[in-house]
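Protein chains in written order, with UniProt numbering: chain G, 1 to 376; chain A, 1 to 376; chain X, 1 to 376; chain Y, 1 to 376.
Among the clues, some could well be false.
Copies of the same chain look alike in the list, so a pair counts if it fits in one copy or across any two.
Distance condition first, Cα-Cα at most 27 angstroms in a straight line; then the derived DSS-like pairs of lysine-lysine [what the hints assert, rightly or not]:
(1) K162 with K60
(2) K282 with K171
(3) K116 with K287
(4) K270 with K116
(5) K335 with K171
(6) K183 with K207
(7) K328 with K270
(8) K116 with K335
(9) K162 with K212
(10) K60 with K19
(11) K270 with K171
(12) K283 with K116
(13) K84 with K19
(14) K162 with K270
(15) K328 with K144
(16) K116 with K73
(17) K282 with K328
(18) K62 with K19
(19) K183 with K283
(20) K287 with K328
(21) K335 with K287
(22) K116 with K19
(23) K60 with K84
(24) K212 with K270
(25) K270 with K335
(26) K287 with K212
(27) K183 with K62
Since the hints were made in silico from the structure, they are not lab data.
Protein chains: 4
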Amino acid sequence: MSTFGQLFRVTTYGESHCKSVGCIVDGVPPGMSLTEDDIQPQLSRRRPGQSKLSTPRNEKDKVEIQSGTEFGKTLGTPIGMIVKNEDQRPHDYSDMDNYPRPSHADFTYLEKYGIKASSGGGRSSARETIGRVAAGAIAEKFLKQLSNVEIVAFVTQIGTIKMDRNPLDPKFQHILNTITREKVDAAGPIRCPDASVAGDMVHEIEKYRGEKDSIGGVVTCVIRNVPTGLGEPCFDKLEALLAHAMLSIPASKGFEIGSGFAGVEVPGSKHNDPFFYDEDSKKLRTKTNNSGGIQGGISNGENIYFSVPFKSAATISQEQPTATYDGKDGVLAAKGRHDPSVTPRAVPIVEAMAALVLADAVLLQKSREFAQSIVA
Amino acid sequence: MSTFGQLFRVTTYGESHCKSVGCIVDGVPPGMSLTEDDIQPQLSRRRPGQSKLSTPRNEKDKVEIQSGTEFGKTLGTPIGMIVKNEDQRPHDYSDMDNYPRPSHADFTYLEKYGIKASSGGGRSSARETIGRVAAGAIAEKFLKQLSNVEIVAFVTQIGTIKMDRNPLDPKFQHILNTITREKVDAAGPIRCPDASVAGDMVHEIEKYRGEKDSIGGVVTCVIRNVPTGLGEPCFDKLEALLAHAMLSIPASKGFEIGSGFAGVEVPGSKHNDPFFYDEDSKKLRTKTNNSGGIQGGISNGENIYFSVPFKSAATISQEQPTATYDGKDGVLAAKGRHDPSVTPRAVPIVEAMAALVLADAVLLQKSREFAQSIVA
Amino acid sequence: MSTFGQLFRVTTYGESHCKSVGCIVDGVPPGMSLTEDDIQPQLSRRRPGQSKLSTPRNEKDKVEIQSGTEFGKTLGTPIGMIVKNEDQRPHDYSDMDNYPRPSHADFTYLEKYGIKASSGGGRSSARETIGRVAAGAIAEKFLKQLSNVEIVAFVTQIGTIKMDRNPLDPKFQHILNTITREKVDAAGPIRCPDASVAGDMVHEIEKYRGEKDSIGGVVTCVIRNVPTGLGEPCFDKLEALLAHAMLSIPASKGFEIGSGFAGVEVPGSKHNDPFFYDEDSKKLRTKTNNSGGIQGGISNGENIYFSVPFKSAATISQEQPTATYDGKDGVLAAKGRHDPSVTPRAVPIVEAMAALVLADAVLLQKSREFAQSIVA
Amino acid sequence: MSTFGQLFRVTTYGESHCKSVGCIVDGVPPGMSLTEDDIQPQLSRRRPGQSKLSTPRNEKDKVEIQSGTEFGKTLGTPIGMIVKNEDQRPHDYSDMDNYPRPSHADFTYLEKYGIKASSGGGRSSARETIGRVAAGAIAEKFLKQLSNVEIVAFVTQIGTIKMDRNPLDPKFQHILNTITREKVDAAGPIRCPDASVAGDMVHEIEKYRGEKDSIGGVVTCVIRNVPTGLGEPCFDKLEALLAHAMLSIPASKGFEIGSGFAGVEVPGSKHNDPFFYDEDSKKLRTKTNNSGGIQGGISNGENIYFSVPFKSAATISQEQPTATYDGKDGVLAAKGRHDPSVTPRAVPIVEAMAALVLADAVLLQKSREFAQSIVA
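In isolation and in its complexed conformation, chain G is listed as follows (with noise of 0.2 angstroms):
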C-alpha cells in the first residue's frame, strides 16, 4: 500500500492530475531542525524540465511543510507536506485513451482497480515519487547527524553504454569511496561521474530521442559511514529492505548488492572478504567488500551499495502496433512530448529510499542496543 517503513514511516497519496501530491512522515526525531531548505534541493533534483535530457513540463514542485515543526523545529509529530499540482485539468490526448499503453500500469490499473483513471496508469506517475523524496530529505538529515551518512546514486549505464562496475576493480571501490553529489551534478543532467562515458550516454539519450524511442539505465547507489548492526534477520535483512525500496520505483526491474550477479562466478576463496584490525578505528573491517556493506543480512560498517536497473520508458511518440482496451488491433503513437530515459531523474528518488530504509533500521536498531545495554 502507500505506507513504508515501521518507526520511521512516510505514507504518500497523488496521482498526476490531482489537487496535489504529498505525504505524511511519523516517526521523525523531535527536536531536529527542518525548513522547506531541507527538502527542496533534492525535490529540484527530482523536477523534471531540467535539461534537454528530461521532460519539458516544468512544476515548480515547491514544497509545504503543514505540520509537525514550529520554529524550524521538529515536534516529533507527524509532518506533513504537500506539493502543489499545477497540472490539475484532464489530460489531452484523447485518442490515446483507447488504448492501454504497452508496458505502461493502464491495463494492470484497470484490472486491479476496475477503475480507469484519465491519466491511465494513476499512481504509477511519476509524480508519485515527489512524497519519497520530500520523506527521504528528512531521514538524511537525521542520519547526516547520526554518523555523517552519506548516499549518493549515480548513472552507470545507459542503454549499451556503461561505466565500470566491476567490485573487485579497486578504481570501482575508489570511486565509491570518493563520489559526491557535487561531483554527480556537475555531470550534468546526465548523471554519470565518469566523464570518459558521460558523452556517449547524452548521445545515446539523444539518439532514442530522435527516433521517438526511449532508452533503459542503470542507478548505482553507495552508502557510507554506516554503523554496524542494522537490519533485521530473517525476514526484514537489509539487503531485503532495501530491494523492496528499489522494486518499488517506477521502471526499476532489478537489485543487486555489493558483487551482486556477477559476484557468483567468483569462488569463496577469492569472494570472502577477510578480516583485518584497523588501528583507526580500533574496530575489525574488511580488506576487500564484495559483501556490499551487509553480512548476514545485517551493516557491518563498510560501504553499502548496490545497482538498480531502469527499463526503457514505456510511453514513446513512436507507432506502437497493440491492441485496443476493447480487443482490436490498431497502432498507437502517443503524443506530446515524453522522457527518453527516466534513469538520471531516477537518482534522488533511490537516495531517498535508501534514506528511509537506513532512517528506520536505525531507530530498530538502536532500541535493540538501549535494550541489551539494560539486561546484559
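Assemble chains A, X and Y onto chain G, guided by the hints.
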C-alpha cells in the same frame, strides 16, 4: 524481524543447535485439506545430504503439525509446525571459534546482538529456512486451488556455467512455459533442466569441492497462472515484495524480474509488450513478456519470472588469512565438510518465498475486489 | 503512531496551530461515489462553536479532497484530505506558558518528545480528530452500501445525570434498535435522545461553565446491521479493536461492550444469550444481547453497542494550585473560554472510529471468505 | 490475528485439543538471562485445577524453550516456546455437539471460519492464553531490569461482592502502592487482597457452583515504576494499547483506566491532578492520580492502574433452553465440571498482557529518545 506477510503470514524461530526449528502460519484459509504429507516433500527437497553435491549431514527434518488442523482440515486458526533438530549439541570445531568467518554472519551478529551464539551466526543458519519452506508449502496448496498456480524454480547458472536465460529468446520463454518440478528433479541434484550445461555445472561444483572452495550460482523461478491485479502500489508493488522475499534468503545477492539488468539495453519500441486480444481467455494479453508478468507493480496475468543470484558459500575448508575477533592476524581453515554450492538447495526456498508473497497478495486483492463489487 | 487500520487505513497529521490538519486514507474501495459532501456533514457535527454548550471558536473546517477521486468516483488510490487551520498564529496566553496544565498532555509531551509545542500538548489538540472524522465518513459510506450498517452514538451521561443504559432493560434495547442521528441531533447540542434527562444535562454543563469548571460524560454507540464473522482472534478480537479505537480518542477513560462492568454481577444462566431460529433472516439469532453483538471476539450479527466515558476537560479557567515546569508552586488560571464538556462533541468521533474499525474488519473477513470458498 | 506487538512481539498458536500450544517471542533483548524457571511460575498461576475454585482438570503446562537462548542467555533471536497438550483426544461430550453454546464462541467461529472445531470455539479456548503468559513473563523480566517495573493484578469484584476501587479514596491508592503478588497469592485462589471481602467472594463463587451456574468479576491491575514518555499518540496511546490488550483476553467485557467510568461525575477542578516538585526524584509529580498514570496517551511516571470486567463463564451445566445449529429448539446442559468463575485465573493473564504492552512501548520510546539525543 521474523514475521513475513500481512494476511497470509509466517513467523519462524530456530537456530542450528537449539531444540527445534519451526513456524506459525497465520491466515491460512479455513476448510482446506492439509496434513504433513502436503509439507514434507518440499522440506525433503530442501534437506541437505541428498547427494554428493551437498553437505553430507543427514537431518531427517520431519515436520509435525501442532495446531490449526483437525481431521485433516484447516480450522482457519494458526498452524504451528515443528521440526526437531537432531544435532542439538554445541558444535565441535573449537579452534575456529576465535575467528569470525569471512563473509559469514559471525561478525555482524555479534555487532548487532552483542552476544555470540555457539554456532556463530545464530539465525543465519540454513536451518532457519525450514520454517519458510513449510509455510510456503501451505501457501502453494492454496494457490494451486485458486487458479492452478504453478511455481517452478531451477538452477540457471553455477559459477561461469550458465544456461540461456535471455527473456527475448523464444527458447527461454518456451522453457518458462513448460518447466515442471518433475523435470527439474529429473536433472538430479543440480536442478538445471538444460542437459547441455547441467553436467558442466556438476563438474564446476566438484572442481571447487576438490579445491576446498565454493562457488555461487543463479536460481530462476517462473510462476504461471497468476491472476491479474496482484500487488499493492505504490510501496508494495508485487516485484518489490518478491525482491524483499528473495533478498531475505541467506546468501542471495540480488533480484531481477523480466528482462532485468539486460533489458536496460533494449529500447522501448522493442522492450514494450504489445497487447493482443486472446480468444481463448477472452482477455487482453501481451505478445511478448519482457515485463515478467508485472506492470506498474501489478500482475498482468502473464508468467512472472525472476532470477536470484546466490554467492559462493562463505564457509570453506581452504585456509583463509584473516583476523580473530581480538584483531590478531591469523589463518582460518574451517573443519568439517562444507557445501560447495548452496544454489541447488535454494530452489525450494525460492519457491516457498514466492508462494508466500503470492498468497498474501491474493488475499489482499480479493478483499478489494469484494469491496469494489459492493460500491460500484 | 499516527496510522490506524490494516487494509482500510488512515494516517493523520496536524496540530492546532500549524498550516492544516488532514489525513491520507488508504484502501478505500475503488469505484465508490465520493465528494466532499459525503465528508463535510460529520466534520460539521464535530466542529466546535455550534452552540453555547461548546467553545465559541468558530473554525469553518472545510475539507478539501486532494487525490484519489476523479469525476466523483474513488480510484482505489490513497485519498488525501486537508482542512486548513484558520488559527495558524501562536497562541496568546503567555503567562500560562510556565505551567503544565494539570491532567492535560503538556507535561507528558515534553517528557516524551523533549520539546514543547507552543500549544502545549502538540497532537493532543482536539483538532487532531478532524482527520479521524473525515476518514470515518468514507468508511461509513462503504459500510452503508455493504449491508446498510448504521452507526449512531449519543450522550448517555453528563456528570451525575444519566439516562438508563442497562442492557438487560428492554427499554434500552429498544432505544438501541431505533435511535438515529436525526433523533440525536433533534435533541440539540447535548445529543442525548432521552428528553427526560437532556435538559438536566444541559443545566449540569451550564452549572460547571458558570463555575469556570468542567464535567465529564459518557457516549454510548450502537452499530446495527453488522455482518457476522468480523473480528480477528486471538489478539484482534472485534471488541479489542473497538476498545483500542475508543481509548485513542482524547479524554476517553474507558470502554465497555454489551453488559460491560454491570454484567459481571449477572450469573451465566441469565447473562448467556440463548439462540433461536429467526424465520426472517433464516439464521440463528440470540433472544437477548448481553454480549453486545460480539462473541469470542467475532460479530454475531446482533447490534454491537458499547459505552465510552470522557473525563472532565483538563483546561479550566478556575484557579488551580499546581507547579510550574521549573517546579515552583503557583496558581494557574487558563485564560480564554474553554469547553466545559467535550462529551457531546465526541459523538461523531466515536462514530468515525467505529466505522474505521468495522470497514477494516470487513475487508479482512471478506478475503478469508473468498479464500475459504476456493479451498473448501 | 495471532501476533501482538511491534518491536517486542508475540505470535501464538494452539487450540485445546491439538498437540501443543505455544508462541514465538520476537524482539527479546539479547544477552538477558532466561530459562524456563523465569516463565513457569506465571504459567502455574494461570493453570486451572489449583483449588476447588477452579476447574479440576490438572494440566501440567510445563513450558519448553525451543530456541533463542544458549547457556541460559537470550541471543536476540526469536524464542520459540511449547507447552504440550495432555488432552489431545477429541472431547467426550457428544450430545452437546448439536448446540452452539449460548454466549460462547461456537456460533461465531462457525460463521467466521465456516468450519466447526471439535472443541467448538477453536482458539477461544482458555488454553490459547498460555502463549500470552509465557511471553509476558519474558517481557516482565526485561521491565524489572529496566526500572524495577512491578505489575500486580488482583480480583476486586466477584458478582456483587466488591472491594473498594474508588481512585479518589486514599485507601485504595495505598493498596495500589503496596500490593504485591505475594499478598495477592496469600489470599488464596480468590486472589483478592482485601480480607474483608475475600471470604464473601469465595462463597459467591461456591454458591454459583452449587447452582451449576457461573458468575463474573473484575480484575484490577497496577503497574509501578513506569518510565515517563511511553505511548504513541495519536492512535497508539498507552491506554489504547492496554485496552486493546485487555479486551483481547477471553471473557473480558471492558476496560477503565484511572478514574474510569466513575470519574465522569467529578468536575475538572477536583479531577485534575495538580503538579508538585518531588525532592526525591527531582521531577514534577502529581499530587493525585485520577489519570491513572497516563496523560495525553503518554505515561507520566505515576502508577498506571486499570480494571477489567470478566463476564460470567458461558459454559454452565445448568439446563439452558436454546436452539441447535439446525435451528431446532432444545435444552442444553453442558456435561463435565466447569469453572464457575474465570476471574481469579485471569490475574496472570492481565499481568502478562500489560507487560507485553509496556515492553513494546519502552522499545519504541527508547529509539525515539536515542534519535532525539542525536539531533537536538
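Verification of the hints:
In this assembly of identical chains, the alpha carbons of K162 and K60 never lie at most 27 angstroms apart, being 32 angstroms within a copy and 49 angstroms across copies at closest. Taking identical chains as interchangeable, the C-alpha atoms of K282 and K171 lie at most 27 angstroms apart only when both belong to the same chain, with a minimum of 26 angstroms there against 55 angstroms between chains. Taking the shortest alpha-carbon separations for K116 and K287, only the inter-copy value of 23 angstroms comes in at or below 27 angstroms, while the best intra-copy value is 54 angstroms. For the identical chains of this complex, K270 and K116 are inter-copy neighbours only, at 26 angstroms across copies versus 53 angstroms inside a copy, given an alpha-carbon limit of 27 angstroms.
With identical chains, the CA atoms of K335 and K171 are never at most 27 angstroms apart, being 44 angstroms at best within one copy and 35 angstroms at best between copies. With identical chains, the CA atoms of K183 and K207 are at most 27 angstroms apart within one copy only, with a shortest distance of 25 angstroms there and 45 angstroms across copies. Taking the closest pair of Cα atoms, K328 and K270 come within 27 angstroms of each other only across two copies (21 angstroms); inside a single copy the shortest separation is 56 angstroms, beyond that limit. With identical chains, the CA atoms of K116 and K335 are at most 27 angstroms apart within one copy only, with a shortest distance of 19 angstroms there and 53 angstroms across copies.
Taking the shortest Cα distances, K162 and K212 sit within 27 angstroms of each other inside one copy (22 angstroms), while across copies they are farther apart (36 angstroms). For the identical chains of this complex, K60 and K19 are neighbours both inside a copy (14 angstroms) and across copies (20 angstroms), given an alpha-carbon limit of 27 angstroms. In this assembly of identical chains, the alpha carbons of K270 and K171 lie at most 27 angstroms apart only when taken from the same copy (18 angstroms versus 34 angstroms across copies). Taking the shortest alpha-carbon separations for K283 and K116, only the inter-copy value of 17 angstroms comes in at or below 27 angstroms, while the best intra-copy value is 56 angstroms.
Taking CA atoms no more than 27 angstroms apart as the test, K84 paired with K19 passes in both settings, with 6 angstroms inside one copy and 15 angstroms between copies. For the homomeric pair K162 and K270, the shortest alpha-carbon distances inside one copy (25 angstroms) and between copies (20 angstroms) are both at most 27 angstroms. For a Cα distance limit of 27 angstroms, the shortest separation of K328 from K144 qualifies neither inside one copy, at 55 angstroms, nor across copies, at 32 angstroms. For a Cα distance limit of 27 angstroms, the shortest separation of K116 from K73 across copies, 10 angstroms, qualifies, whereas the shortest one inside one copy, 42 angstroms, does not.
Proximity of K282 and K328 under a CA criterion of 27 angstroms is satisfied inter-copy only: 12 angstroms between copies versus 69 angstroms inside one chain copy. For the homomeric pair K62 and K19, the shortest alpha-carbon distances inside one copy (14 angstroms) and between copies (15 angstroms) are both at most 27 angstroms. In this assembly of identical chains, K183 and K283 lie within 27 angstroms of each other by CA distance neither inside one copy nor across copies; the values are 30 angstroms within and 50 angstroms between. For a Cα distance limit of 27 angstroms, the shortest separation of K287 from K328 across copies, 14 angstroms, qualifies, whereas the shortest one inside one copy, 60 angstroms, does not.
Taking the shortest Cα distances, K335 and K287 sit within 27 angstroms of each other only across copies (23 angstroms), while inside one copy they are farther apart (53 angstroms). Taking the shortest alpha-carbon separations for K116 and K19, only the intra-copy value of 18 angstroms comes in at or below 27 angstroms, while the best inter-copy value is 33 angstroms. Both within a single protomer and between protomers do K60 and K84 lie at most 27 angstroms apart by alpha-carbon distance, with minima of 9 angstroms and 22 angstroms respectively. For the identical chains of this complex, K212 and K270 are inter-copy neighbours only, at 12 angstroms across copies versus 45 angstroms inside a copy, given an alpha-carbon limit of 27 angstroms.
Taking identical chains as interchangeable, the C-alpha atoms of K270 and K335 lie at most 27 angstroms apart only when they sit on different chains, with a minimum of 19 angstroms there against 52 angstroms within one chain. In this homomeric assembly, K287 and K212 come within 27 angstroms of each other (Cα to Cα) only across copies, at 22 angstroms, whereas the closest approach inside a single copy is 47 angstroms. Only within a single protomer do K183 and K62 lie at most 27 angstroms apart by alpha-carbon distance; the minimum there is 25 angstroms, versus 47 angstroms between protomers.
Against the hints set out earlier in the document, violations occur for numbers 1, 5, 15 and 19.
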